[in-house]
Amino acid sequence: MQKFTLLSHQWKAATRSASASKSAGIKVFMGFVFFILFLELLGGGFYVGSKLAESSANPIADLMRYGLYFFLAILLFRYMLQKLPTFMVKPYLVLPIKKSKLVNFMLTKPLFNSLNILPLSFVLAITLGLHKQMDAYSFWVIVGTVMTGDLFVNYLSIYIKRVQIKHEYVFYLFLASVAALLFLDQFGIIDLQAFSSLVFMQVIEQPLYLLIGLLLFAMAYYLNFQLLYNHFSLEDFGKGDTNQRSSLENLNYLDRFGKIGTFALLELKMCVRNKRTRTMLFMAPLFLLYGLFFYNDPKYLEMNGFLIFVGLFISGGFMMSFGLYFFAWESGHFDLVLTANNTYKDYIKAKYYLMMSTSTVIYLLSTFYVFYGIEILIINSMCFLFNIGVNSLLLLYFATNNNQHMDLSKGSAFNYQGVGGRHFVLMIPLLVIPLFIYLPFGLFDQANLGFAVIGILGVLGLLFREKLLDIITQRFIEKRYQMSEGFRNK
Amino acid sequence: MIHIDNLSKAYNTVKVLDIEQLEIPQGESFGLVGNNGAGKTTLFRLILDLIKADKGQVLSKNIAVHADSQWKNYTGSFLDEGFLIDFLKPEEYFKFIADINGVTKEELQAFYNDFADFFGDEILNKNKYVRDFSKGNQKKIGIFGAIISQPEVLILDEPFANLDPSSQIRLKMLLKDLHQKKNLTMLISSHDLNHIAEVSERIVILEKGEVVKDLLTSDDTLGELEGYFNPEAAVKAES
Numbered sequence: 001m002q003k004f005t006l007l008s009h010q011w012k013a014a015t016r017s018a019s020a021s022k023s024a025g026i027k028v029f030m031g032f033v034f035f036i037l038f039l040e041l042l043g044g045g046f047y048v049g050s051k052l053a054e055s056s057a058n059p060i061a062d063l064m065r066y067g068l069y070f071f072l073a074i075l076l077f078r079y080m081l082q083k084l085p086t087f088m089v090k091p092y093l094v095l096p097i098k099k100s101k102l103v104n105f106m107l108t109k110p111l112f113n114s115l116n117i118l119p120l121s122f123v124l125a126i127t128l129g130l131h132k133q134m135d136a137y138s139f140w141v142i143v144g145t146v147m148t149g150d151l152f153v154n155y156l157s158i159y160i161k162r163v164q165i166k167h168e169y170v171f172y173l174f175l176a177s178v179a180a181l182l183f184l185d186q187f188g189i190i191d192l193q194a195f196s197s198l199v200f201m202q203v204i205e206q207p208l209y210l211l212i213g214l215l216l217f218a219m220a221y222y223l224n225f226q227l228l229y230n231h232f233s234l235e236d237f238g239k240g241d242t243n244q245r246s247s248l249e250n251l252n253y254l255d256r257f258g259k260i261g262t263f264a265l266l267e268l269k270m271c272v273r274n275k276r277t278r279t280m281l282f283m284a285p286l287f288l289l290y291g292l293f294f295y296n297d298p299k300y301l302e303m304n305g306f307l308i309f310v311g312l313f314i315s316g317g318f319m320m321s322f323g324l325y326f327f328a329w330e331s332g333h334f335d336l337v338l339t340a341n342n343t344y345k346d347y348i349k350a351k352y353y354l355m356m357s358t359s360t361v362i363y364l365l366s367t368f369y370v371f372y373g374i375e376i377l378i379i380n381s382m383c384f385l386f387n388i389g390v391n392s393l394l395l396l397y398f399a400t401n402n403n404q405h406m407d408l409s410k411g412s413a414f415n416y417q418g419v420g421g422r423h424f425v426l427m428i429p430l431l432v433i434p435l436f437i438y439l440p441f442g443l444f445d446q447a448n449l450g451f452a453v454i455g456i457l458g459v460l461g462l463l464f465r466e467k468l469l470d471i472i473t474q475r476f477i478e479k480r481y482q483m484s485e486g487f488r489n490k
Numbered sequence: 001m002i003h004i005d006n007l008s009k010a011y012n013t014v015k016v017l018d019i020e021q022l023e024i025p026q027g028e029s030f031g032l033v034g035n036n037g038a039g040k041t042t043l044f045r046l047i048l049d050l051i052k053a054d055k056g057q058v059l060s061k062n063i064a065v066h067a068d069s070q071w072k073n074y075t076g077s078f079l080d081e082g083f084l085i086d087f088l089k090p091e092e093y094f095k096f097i098a099d100i101n102g103v104t105k106e107e108l109q110a111f112y113n114d115f116a117d118f119f120g121d122e123i124l125n126k127n128k129y130v131r132d133f134s135k136g137n138q139k140k141i142g143i144f145g146a147i148i149s150q151p152e153v154l155i156l157d158e159p160f161a162n163l164d165p166s167s168q169i170r171l172k173m174l175l176k177d178l179h180q181k182k183n184l185t186m187l188i189s190s191h192d193l194n195h196i197a198e199v200s201e202r203i204v205i206l207e208k209g210e211v212v213k214d215l216l217t218s219d220d221t222l223g224e225l226e227g228y229f230n231p232e233a234a235v236k237a238e239s
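In order, the protein sequences belong to chains A and B. Okay, so the first sequence: first residue is 1 according to full-length UniProt numbering, each after it adds one. Okay, so the second sequence: first residue is 1 according to full-length UniProt numbering, each after it adds one.
Certain hints may be false.
Unchecked claim - In silico contact screen, one side only, chain A against chain B (beta carbon under 8 Å); selected entries:
hint	residue
1	Ala61
2	His167
3	Lys259
4	Leu338
Claimed, not checked - Think about it this way: if two alpha-carbon atoms lie no more than 16 Å apart in a straight line, the pair counts; the simulated EDC-like pairs of lysine to aspartate or glutamate are:
hint	chain 1	residue 1	chain 2	residue 2
5	B	Lys213	B	Asp18
6	A	Lys490	B	Glu81
7	B	Lys52	A	Glu478
8	A	Lys275	B	Asp86
9	B	Lys52	A	Glu485
10	A	Lys345	B	Asp68
11	B	Lys105	A	Glu478
12	A	Lys490	B	Asp80
13	B	Lys95	A	Glu267
In short, the hints are calculated from the structure, not lab data. We put the beta carbon where it would ideally sit given N, CA and C, even for glycine.
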């Protein structure tokens, strides 16, 4: 009975939440993306299965070699995408419901996550591709393995995520250890494949080993239970990041830049002291590594258009992911921003210079890509100029359109609170305009001229920045009511 | 000082504010009372140009607030948490406000000394971010932030709410003091009729967005206010 009441409250919470009523367009879009990905997953699985069936003498043994990678991938995937199942406990705590019941209720929620169908569907698609080589016995053992393994992984990822709320370093520790593991494996220091095949072949031979999987699941469940049971009062999961208490406090250097310096300092403090912006900051170096994915492949080195895209992303990726929400980040104190100062231009300039300096730092670090050819350096330099000259101003202009409140206290990885579908649409011109500029030059084999034009546009943007910033300030002033009203609407 | 001219604001056709004329002269301490939803905060937000009026305008020193931001140079305000920067320590918050208003370090220090009483010892040197303070202390931080720039106009929305009794009394003294010494124009809203009657020279009652009473404070203002908000009790008391 109680369980049903709790369930019905959950249903109401879901259907009546502010985000549920949000634009149907985005939901349809996301649903569509999900559907396409799902189909691709099935197709990929079937392809892997049928390829294995063709080329391998003992496909099941080969499949088993990749079991660990599979579960590791699910772990990462769940960790990144899955939201922590929460529900508002406080109102129930004072009611005569057993605490353990509430905890168990909360812990059964991950079982009903729609993501759960993905790992199994992928494996089923593989077995479909392999159906000629597989008997019913190994099929069922594989299905059993995937299900128990996934249960364990599911609760493990939730556990890590929950611990991470309180101890943020766990997030970096987790990513670092996964990276280290893959690194060691890549360079042959440890052999995950052999280990994986050892483990899973045992299971195929003796399905009773699945009980160990269940035991692991039970342990993960128990850990979660303990954690929640002991920290149920929620205060433990509150705002505590006391360790960052005095960061940036003595940064007096910026004082000499007057009001712009004051605003810039505020922005920096905001970045460092709020969880969401902080994770973003830590992720910034990743944009630098973007080139590594492509430059190693000679095929891409031929495609100038593609290189422009990569170049824009390297020095501008962080700027774009951060800058589009420049005003929304400050939604918590936006009323102060509007009432306390009367030089909006200084305020906007501070943001402009911050973008410029972060982008410059990333660009300077990225010059090591000259290793892949002087051409790369030239393209990246032109893209950098375009980023700081044109894209930075476009971002500021577009940022005035984002008027959803941003909650900064949650981590940023796959956190879409306050992020609308506009985001993706607005990113497009930033990346596409330079490509369009380049296109005619590329068609007439004037690649270098094309790069130069992109760079020159950037320089023009820098030269006329005062005028352009005036336009943005004007835009900000026009949009201020909409922004402040949106930000107040939590 | 502040002149409200034919001002009205509606949300989804529900009228939340409709004031024909209201003049707040310089140096007046102006109290605003009214039940929830009467339009007090909306009025303050319109005066501070945080929302756009559907009709009419607010003039501050004869200049429309939405057209020119002159008024920011002499207006201090604290309405709600939207005015606090929650990831700063109080000292950093005050310094930020001082910096953008051109208040020097020395002036700020002198200010700290003057208002040491108001803070008690719960705010400064606590090594805590604003977001980690209690609601009451956050309010004190916000109120102090509003007066750092030594404004000519001070706008506070329910400054007494959430404050502990000693702080309420200290705030009353602080406001009276500011008003007398600096000839400050004050606009204060409150649900506490005692406090508001004590600090204001003039009290306006809003109901459903309209001015229903405009009183100059005297000895029996409190009785009048109580009578308005609880008519039955007033009738009983008379009979």
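So, going through the hints one by one against the coordinates:
no.	hint	result
1	Ala61	violated (55 Å)
2	His167	violated (18 Å)
3	Lys259	holds (6 Å)
4	Leu338	holds (6 Å)
5	Lys213/B <-> Asp18/B	holds (14 Å)
6	Lys490/A <-> Glu81/B	holds (12 Å)
7	Lys52/B <-> Glu478/A	holds (11 Å)
8	Lys275/A <-> Asp86/B	holds (13 Å)
9	Lys52/B <-> Glu485/A	holds (10 Å)
10	Lys345/A <-> Asp68/B	holds (14 Å)
11	Lys105/B <-> Glu478/A	violated (34 Å)
12	Lys490/A <-> Asp80/B	holds (14 Å)
13	Lys95/B <-> Glu267/A	holds (15 Å)
Hint check: violations occur at hints 1, 2 and 11; the rest are consistent with the structure.
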